[in-house]
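Participant: Residues per chain are reported as follows:
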Amino acid sequence: MLLSLSWRNVWRNPTRSMVVVVAVALGLWGGVTTMALINGWVKQRIADSIQNEISHIQIHNPEFLLNEEVDKTFNFDSVAQALSSADGIVGLSGRLKVFAMAQTDRANSGLVVLGVKPNSERSVSGIPNKLIMGSFLEGDFKTPSIVLGKKAAEELKLVNYELTDSIAQKLSAMELRLGEQIQPLVGRRIRTRSSFMNALRAELEPALFNHYSETLADSCASFRLNGPVVLTFQTPAGELHSAMFRVRGIYRTSNTAFDARMAYVNFENLALAANINPNYVHEVALLCKDNTSVVSIAQTLSTTYQNLKVRRWDEISPEIALYAAFGDFMGLIYIVIILFALAFGIINTMMMNVLERYREFGMLMAIGMNRLRVYSMIMMESVFLTLTGGVVGIVFSIVFIKIFAQTGFDFSMWAEGFEAIGYSSVVYPDITLANYVLVTILVTATGVLASLWPARRALKLNPMQALRVE
Amino acid sequence: MNLRLLASILLTSVTAFAVAQNATEIVRKADEMMRGEKSSYSEITMRIVRPKWERSLSFKSWSKGTELSLVFITSPAREKGQAFLKINREMWSWNPTINRTIKLPPSMLSQGWMGSDFTNDDLLNQRSIVVDYNHSIAGEEQVEGWDCWRITLSPKPDAPVVWGKMILWITKKHYLILKSEYYDEEQNLVKTELAHQIKVVDGRTIPTLYELLPADEPGNKTIVELNTIKFNIDIKDSFFSLRNLTQVK
Chain Z
1 MLLSLSWRNV
11 WRNPTRSMVV
21 VVAVALGLWG
31 GVTTMALING
41 WVKQRIADSI
51 QNEISHIQIH
61 NPEFLLNEEV
71 DKTFNFDSVA
81 QALSSADGIV
91 GLSGRLKVFA
101 MAQTDRANSG
111 LVVLGVKPNS
121 ERSVSGIPNK
131 LIMGSFLEGD
141 FKTPSIVLGK
151 KAAEELKLVN
161 YELTDSIAQK
171 LSAMELRLGE
181 QIQPLVGRRI
191 RTRSSFMNAL
201 RAELEPALFN
211 HYSETLADSC
221 ASFRLNGPVV
231 LTFQTPAGEL
241 HSAMFRVRGI
251 YRTSNTAFDA
261 RMAYVNFENL
271 ALAANINPNY
281 VHEVALLCKD
291 NTSVVSIAQT
301 LSTTYQNLKV
311 RRWDEISPEI
321 ALYAAFGDFM
331 GLIYIVIILF
341 ALAFGIINTM
351 MMNVLERYRE
361 FGMLMAIGMN
371 RLRVYSMIMM
381 ESVFLTLTGG
391 VVGIVFSIVF
401 IKIFAQTGFD
411 FSMWAEGFEA
421 IGYSSVVYPD
431 ITLANYVLVT
441 ILVTATGVLA
451 SLWPARRALK
461 LNPMQALRVE
Chain A
471 MNLRLLASIL
481 LTSVTAFAVA
491 QNATEIVRKA
501 DEMMRGEKSS
511 YSEITMRIVR
521 PKWERSLSFK
531 SWSKGTELSL
541 VFITSPAREK
551 GQAFLKINRE
561 MWSWNPTINR
571 TIKLPPSMLS
581 QGWMGSDFTN
591 DDLLNQRSIV
601 VDYNHSIAGE
611 EQVEGWDCWR
621 ITLSPKPDAP
631 VVWGKMILWI
641 TKKHYLILKS
651 EYYDEEQNLV
661 KTELAHQIKV
671 VDGRTIPTLY
681 ELLPADEPGN
691 KTIVELNTIK
701 FNIDIKDSFF
711 SLRNLTQVK
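Protein chains in written order, with our numbering: chain Z, 1 to 470; chain A, 471 to 719.
Hints listed in this document are in silico derivations from the structure and should not be mistaken for laboratory results. Even glycine gets a Cβ: it sits at the ideal position worked out from N, Cα and C. Careful: at least some of the hints might be erroneous.
Label-pair restraints from in silico Cβ distances [what the hints assert, rightly or not]:
no. : chain 1 : residue 1 : chain 2 : residue 2 : range
1   : A       : N558      : Z       : V112      : 20 to 28 Å
2   : Z       : N279      : A       : T675      : 50 to 58 Å
3   : Z       : N279      : A       : K700      : 34 to 42 Å
4   : Z       : E268      : A       : K635      : 26 to 34 Å
Isolated chain A, as found in the complex (with noise of 0.2 Å):
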């Protein structure tokens, strides 16, 4: 009896400092997922719903590591054949109804790319959710049919970060971020992101389809659908530069 009772406190409290010690392990594995390979190739459709007007993009995207990408659109017609290129923390664009490439200044990176609620900014520059958050487990839900952990992410403080807090739904099968919910400093939701359609592709299992919604503007959100995608392929560090950035197709 007493024996009994002794083993369940050990165990519950085992239990208990084993998950405390995960939510950073989780958050750090969960990251790592969505990072990942080597290199990539990706045909993604990005759909912008505003309460007025949809509109809708197509582009082809090389990446390698994280420092370098290509982006190549391929619709609509009149967006047909811009072209975005990243190297470390610089961008350009090329845009062949003016025969011209373009560096992107600070001031272009913040406006929102190609009219989305992604930002350029949010491409180049991820503050990294590992770092300059405290991370703690906040309950076991399921999202989708799939059980998850909430785990909540308040930041370090002096962290330059503007969130209050932020949320993660983490898969614990694949460790997937299926739901991320930002708030600000007065703790009021700014924006949620979903993923959906989780499927096995080119060996790992990954979400392919993603939605933001600011939360202030009802109506409004973009949608991003991964069509087709490739890891590791066989790609030169060449093959991302100026000269290819207005060739590639």
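Extracted from the complex, chain Z is given alone in its bound form (with noise of 0.2 Å):
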């Protein structure tokens, strides 16, 4: 009965419930949104991370982990043929992981040297499939293969700017006036960006530059496949070596400084350079089947290889695990400083509410409705106010979330700055049913703490008066 007369309460005055619905609702669109926002950003980032950085349990010798010195390393047949046959396992990969000076022609720069199995990476590296030219490291050439991120391909200054036939035709077809005036730059093949730009702006009339310029370059850079990459680096007796390799694969992940950083060759071509045994390795990095078995297996494996450290992906890098604490808590964070901003609309509207109805309150008090029912109705009207908002503003992010879930929410606008710090720049929201729980409960706290004070308000109302006034 004290329900359905709430509930109709709340409806007596329907443009100042639907004012309080509204903002209710908005702001838990928006906060929910955010959460949804941060949770799947996160979560793509450990995907990644996993996936293309650091598998999700890796083997070392202890010491190689205090200076990653070349000649600590351990023998691979000795945990191989054990980690293969395990349980849960699902890749396998033993790597050489050396720190290298690359230089080319134009340019030099600091390389960590990854000498894999072509075969054992693939089950282990989303590498292999992030190739966007080239191939990866599988096929017999004179000179051994190198295959580098797309930054590291950059700073080597192994980019190409070349303005090729079908682009130019397709941007005749885009615009007339671009395509007649690039004609002269078709075909000639230019070393650097910014000459490149250069040539650019001595072409095109400037409205036309400043609107193409950047898409042309992205479009026309190619790398240079096959150019020349020296690598020097120490072998396990101090000495330096070089070794020439050629480039046969450019790869792009969502993290710049991954790209700019890791670079892999062939195992066997590494370990004859830097004349290292072919049965030993630095690291081995293994897949398991979910995120969740890692625990138990990294436990299985440290007590099988005492002499080894095996460490967890969140151990390996217990940043990103971090993150993904962080990643809820910041979520929660913004709902709670939403719901407590709208607390005080929604205290205004019950006080409204309440110093409106003083008359009503003296009546149902004069005909024996004692104070605990008056105070449990004008909570309940302020409860159903702010779930109602709270049920339409999460219905609304549902809704969005799921269509964003499937197209993904373009922050490209931007990339460069995301993809610095490691994050993919196109974000499919994504938040669990306890998380609409633990809203929901938040939406109706809210909902019982703003209705204090008008509640009280009521209380204190003597009948007698109550109902005298007019």
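Dock chain to chain to rebuild the complex, using the hints, since each chain is given by itself in its own frame.
Facilitator: This is how it looks when you write it as structure tokens:
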């Protein structure tokens, strides 16, 4: 009886109630969507970094972890047999990891070079599927192959800018004047982005230049496959050794810092050049069936291989594990702040409500409704008001999140900034049922809290005096 | 008549033979001229020219063999006091403003040294122009008034060099490299090194002004001038120590 009474009371002044409902709905829609974005973002970062960068479990010689010195290897055969038959492990790759100076004809850069066997690396890492040009390390060549990240290739100036006929034709189709003005550049090969821009600036009229130059530079960039890269690194004997490699492929992940640093070469080539026994490795990377089985597998492995250091992904890269916890927490903080602000709006509405209805409360009390009932009636009105807004907001955000979970939320305007810190620029929002439940509880609690003051006001009424209010 | 013809044929073939054999010899001598003495002390000014700015840097340098060297920066005031020590293949830097000695990691070695077109790698890792290349004399030309051989260097197969070709101009009189051009594998010019102002310093004839011109970036260059240079100075190995790195003046 009290429930339906409260529900009807909410809609006695529909405009006023709707204002609060809409405010709560919009606030929650924003809050929940933000929460889902942060959540989806972090999940993607974790998935990307496990898949491309660190895998689930890594095994090292404990001394290697101190300074990553080239002579701190361990015997691969001693672990490979047991690991490949172990339960829950789906991928296994033994790697050499060497710090090298890379030199090309136009630049130098420091790289971390991973010597991998292409087949086993494919079972662990997503990098072979992230190639934007060329192929991975398979295939026999006279000069050893190297696969570089996009950023590293740019830093080593392994990029050419060439306006091909097909691009020029597409441009003419897009905008005729652009196609005409660009003609003198067709077929010319330019070495650096800045001189390509200068050439464009010379040919194009300013408006067209401002509009198209960046896109043009991006689409004309092509990497010099087969370009020479000389790697200089230390051998276990302490000498510096140089070896020639040729670029076979360029990969790109969502983490620019990773792309600038990691290069892949064939295990045999690196072992030979660095004079390392090919049965020995610096690192074994494992991919498990799923994230949840990692802990128990790592546990078993570290008891089996006492002389080796077995580390889980959250130990290799604690900052990523931190983001995971942090992401959920951040979303909650947003929602609490939004609800706190909304609470004042609700208090205001409820207060107006109560002040208007002095006479009615006096009447109800006079005919025998006790104070507790009056109190709960007002509280329920407040909860109904907030919860209606909450439900509308949550329904909105469910729809919104469902749509963007399919299409992705594109931040590519700021892509460079995002990718520099390792985050993909297209975010797929993701939220768990538990989070919805939590949000609903928070909304209800806000309704209850916001009703405390107005309800107290109603309780203080003297029924006889209230009845006389006109 | 027949005899004279025979003689001329013989002579030309002999000279051709001698020349072909000499190309490697010439480069080897030039390489030795560049390395030369047991120890040296020099005061050097380096000017780094970019289209929009320019800066210059002066430093003192001590070296012994190819293994030991110490560099102390004397100007500009902001960088004064910084010192670099190289022992064999390793390099340290001393920075008085932070009061620390830092061992340069491989990634730092590949950055431009003090913002110039020279990399730390160039200073440490000079691949021998003698060992890694095949040499041939491509002609004779005058460079800045000096008679020079023009020698083409093509990398030996499997040699770990990134260049497709190098062309050196070496003076006939002193075996000095006055000009070197570096080409990539598609035979495009990448950079040119020039040497000027050949002088007799401390008993040796050497160029005292060097220029480095990257071909892709017109307007960029690095100029190195040797102000003072002394050879075969009396210097102990212990001079090249981490301890002295922080005390040298």
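Participant: If you check the beta carbons of N558/A and V112/Z, does the distance land in 20 to 28 Å?
Facilitator: holds, 23 Å
Participant: The hint says 26 to 34 Å between E268/Z and K635/A; measuring C-beta to C-beta, is that right?
Facilitator: Holds - the Cβ-Cβ distance for E268/Z and K635/A, about 30 Å, lies within 26 to 34 Å.
Participant: For N279/Z and K700/A, compare the CB-CB distance with the range 34 to 42 Å and indicate the outcome.
Facilitator: violated, 54 Å
Participant: Between N279/Z and T675/A, is the Cβ distance one that fits in 50 to 58 Å?
Facilitator: holds, 56 Å
Violated hint: 3 only; the structure is consistent with all others.
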